[in-house]
Amino acid sequence: MKPSHLLVLFTLLLFATEARAISVSISQTGTAGNSCTRTLTAAIGSGSGNYTYTWSIISPAQSWPTTNNVSSVNLALSQTVDVNVTVHDITLNQYASATVTVNRILTGSFNTFIPNLITPNGDGYNDNWIVTASDKTLSPINAFTYTLTIKNASNVQVFAASNTITASCLGIIGGDINWNARLNGTGSIVATGSYTYALYLQNCSNTTTSTGTLAVMY
Amino acid sequence: MRTVLLSLSLLLTTSSTAQVFSTKVDVNVKAMPVYQLLDSLQTTHRLHFSYGFDNNSGNALITLQAKDITFYHLIVEISKQAHLTFTIIGTVVVFKGKKTPLQNITPALPSISSPADSNFLIPVPIDSISKTADEVIMKIIPIVRKDSTPKVYYPTQLTTSKRWHPPRAQKKSYSRMRIGIGTLVEKPHYQFNDGSFPFQYYRYNASGGLSVILSYRLFPKLCVSAAVTTASRDFTFHHNFKVIDPNDPFPIPSATKVNQHYLEIPLLITAELFHVNNLYIQANAGFYLSQLTSKQETTSYLNKEDVSTSLYINNTRQRINAVGLGIAANYKLSDTFTLFLSPSVVFYHSSINATAMKTAAESFRLTAGIQYTFLKHIKPSAP
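These protein sequence lines map, in sequence, to chains D and Z. Straight run, no breaks: the first sequence in numbering that gives the first Met the number 0 ends on number 217. Straight run, no breaks: the second sequence in numbering that gives the first Met the number 0 ends on number 382.
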């Protein structure tokens, strides 16, 4: 064999070895607001098929909460974390890793501020009845489903609304639940007086119906 | 500065009157007023002194230092130094100034030469004392040497045509009138109306006051009292509105405070139930008459300054009648000063504020203070 042939063969071997370098990525499902489990799957490229998996939470640092050394894991965390997976190709003795952010699921107590007075006089202040986070900001209230009914003092329903948030993992945020003080939301502004509301909220661990009195003054 | 030292030690204690006077004591007093010395003896021994002498005699200073002296000789020595005469009636020793012959009824007794020469006197019962002139006032009073058989002495005879009355022992040296000052705290139980909205509510405010009490003892265990008390009947209406934006130009009330001040006159009858040492437990009951003296109402807002309002005070009652029941614990600090603590419950005849309250209310109150008993001016016993 000529030396030139040996050089070509060596070059081909190098190319073949580089082509077998593994890579990994993480795919995530169950990211909707009303999903109570996030599923992570490690997708490996160019490996031999003989792998070990090491899952870990790197930020904020904490121990892995579930089964490890598997290609797919289910998480139900109450806080948003960064998850890392390191894959070891045993045959090729190569390593690869990937990191993904996993949002918290909506669980625990609800975080709401429910006003008991609105003044729908058109001055721009307290004209609408708005349910917000407890700090009166438009932050998540830790629920993904709500059902609202409002009745007047004669127990006649004047407004109703409901929704389940699926698009955003944050679920319902402050301002999503509101009433403009109009009959069924589109009619005339209701009369001053006392109204009662019933607000049903749901998340992964809780369901509750808050009832109370709403004063309409203007 | 005067140094006063009194040390008394009982060497003998027996039940008979005679043995009381033969009781030996150690005495060491320097320049002590006679009334103060007699008070000390009275509180430490089972004797009673009645001293109706004037201030000059009462303020006479006694200096006496003796050991193992009998009680009787101690009394004799006190009489000498204070220029007094005395009469023994049962366990009561009656002192008088040397003013009239009638008061000079000190029995004839041997002078004290030394403590070892101590005799004692067996007093005669009061009913054995003759009360008319030309009779022997004091019957035969045997004077017995402690270490020998009794000897008989004949006391002074009075020959006068005036009828003689034995002086009466003064058991109480203070008057029936008491004045006291106290403070009270009150926990009312008003029946409030409902607010316009269910989340609104009324709360009473902690109230208190000052009280000046005048009481008069009708009988030993029964007295009447009248007091003048300042009392407040305040409450607050909490509007309790919760809004997203407190900067709303629309006025949003937060709380309405109503202050109602009354002058109250409790008229009570107090009866003593029992006493343990210096602690006297009494029950009281009576009427409480209240007159409105001032009223004020202020409403605070979430989004503007406080404003004086009149939603409630227009319906504040001017006069309130009530009845009350209570008990009182009195702790006697001295003959003149007494601490008292009196929990009571007062039932109002009508609601205090017709707008805010439904019906009549009651309140629980605790009054504490101090009372002063007026000293009674003691006149010398008249013959």
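These are computed hints drawn from the structure, not numbers from a lab. A couple of the hints might just be wrong.
Some, not all, of what chain Z presents toward chain D, calculated at C-beta under 7 Å [unchecked claim]: (1) Ile178; (2) Pro197; (3) Asp244.
Calculated pairs, DSS-like style, for lysine-lysine (alpha carbon to alpha carbon, straight line, at most 25 Å) [what the hints assert, rightly or not]: (4) Lys331(Z) x Lys256(Z); (5) Lys135(D) x Lys241(Z); (6) Lys256(Z) x Lys241(Z); (7) Lys294(Z) x Lys357(Z); (8) Lys331(Z) x Lys220(Z); (9) Lys357(Z) x Lys303(Z); (10) Lys79(Z) x Lys29(Z); (11) Lys150(D) x Lys294(Z); (12) Lys186(Z) x Lys135(D).
What follows is a list of derived Cβ distance ranges for each label pair [said to hold, decoys possible]: (13) Tyr200(Z) x Thr79(D): 52 to 60 Å; (14) Asn154(D) x Leu365(Z): 26 to 34 Å; (15) Pro197(Z) x Asp134(D): 37 to 45 Å; (16) Met216(D) x Arg202(Z): 16 to 24 Å; (17) Pro245(Z) x Lys150(D): 23 to 31 Å; (18) Asn192(Z) x Lys150(D): 42 to 50 Å; (19) Thr106(D) x Tyr200(Z): 48 to 56 Å; (20) Thr79(D) x Thr182(Z): 41 to 49 Å; (21) Thr106(D) x Pro245(Z): 40 to 48 Å; (22) Asp134(D) x Ser293(Z): 38 to 46 Å; (23) Leu365(Z) x Ser187(D): 56 to 64 Å.
Just so you know, even glycine gets a beta-carbon here, dropped at the ideal spot from N, CA and C.
Structure-based check of all given hints:
The interface hint given for Ile178(Z) is violated, since its Cβ lies 54 Å from the closest Cβ of chain D, which is over the 7 Å cut-off. Satisfaction of the interface hint for Pro197(Z) is found here, the shortest Cβ-Cβ separation to chain D being roughly 5 Å, below the 7 Å cut-off. Residue-level restraint check for Asp244(Z) holds (minimum Cβ-Cβ distance to chain D is 5 Å; threshold 7 Å). The suggested pairing of Lys331(Z) with Lys256(Z) is violated, with an alpha-carbon distance near 41 Å, which exceeds 25 Å.
Taking the CA atoms of Lys135(D) and Lys241(Z), the gap is about 11 Å. The hint holds against a cut of 25 Å. Pair hint Lys256(Z) plus Lys241(Z) holds up; C-alpha atoms about 19 Å apart against a cutoff of 25 Å. For the suggested pair Lys294(Z) and Lys357(Z), the alpha carbons sit about 19 Å apart, so the restraint of at most 25 Å is met. Annotation: proposed proximity of Lys331(Z) to Lys220(Z) holds, straight-line Cα distance about 15 Å (limit 25 Å).
The straight-line distance between the Cα atoms of Lys357(Z) and Lys303(Z) is roughly 31 Å, outside the 25 Å bound, and the hint therefore fails. With a CA separation close to 15 Å, the supplied pair Lys79(Z) and Lys29(Z) stays within the 25 Å bound. With a CA separation close to 40 Å, the supplied pair Lys150(D) and Lys294(Z) exceeds the 25 Å bound. For the proposed pair Lys186(Z) and Lys135(D), the alpha carbon gap of about 37 Å is over 25 Å, so the pair is violated.
Taking 52 to 60 Å as the suggested C-beta distance range, the pair Tyr200(Z) and Thr79(D) does not conform, at roughly 41 Å. A hinted range of 26 to 34 Å is violated for the C-beta pair Asn154(D) and Leu365(Z), which are about 47 Å apart. For the hinted restraint 37 to 45 Å between Pro197(Z) and Asp134(D), the CB-CB distance of approximately 25 Å leaves it violated. Evaluation of the 16 to 24 Å hint for Met216(D) and Arg202(Z) yields a pass: the beta carbon distance comes to about 23 Å.
Checked against the given bound of 23 to 31 Å, the beta carbons of Pro245(Z) and Lys150(D), roughly 27 Å apart, stay inside it. Checked against the given bound of 42 to 50 Å, the beta carbons of Asn192(Z) and Lys150(D), roughly 24 Å apart, lie outside it. Remark: the range hint 48 to 56 Å for Thr106(D) to Tyr200(Z) is contradicted by a beta-carbon distance near 34 Å. Checked against the hint of 41 to 49 Å, the C-beta distance between Thr79(D) and Thr182(Z) comes to roughly 60 Å, which is inconsistent with it.
Between Thr106(D) and Pro245(Z) the beta carbons are some 32 Å apart, a value that contradicts the proposed interval 40 to 48 Å. For Asp134(D) paired with Ser293(Z), a C-beta distance near 42 Å keeps the hint of 38 to 46 Å intact. About 57 Å separates the C-beta atoms of Leu365(Z) and Ser187(D), a value consistent with the hinted range of 56 to 64 Å.
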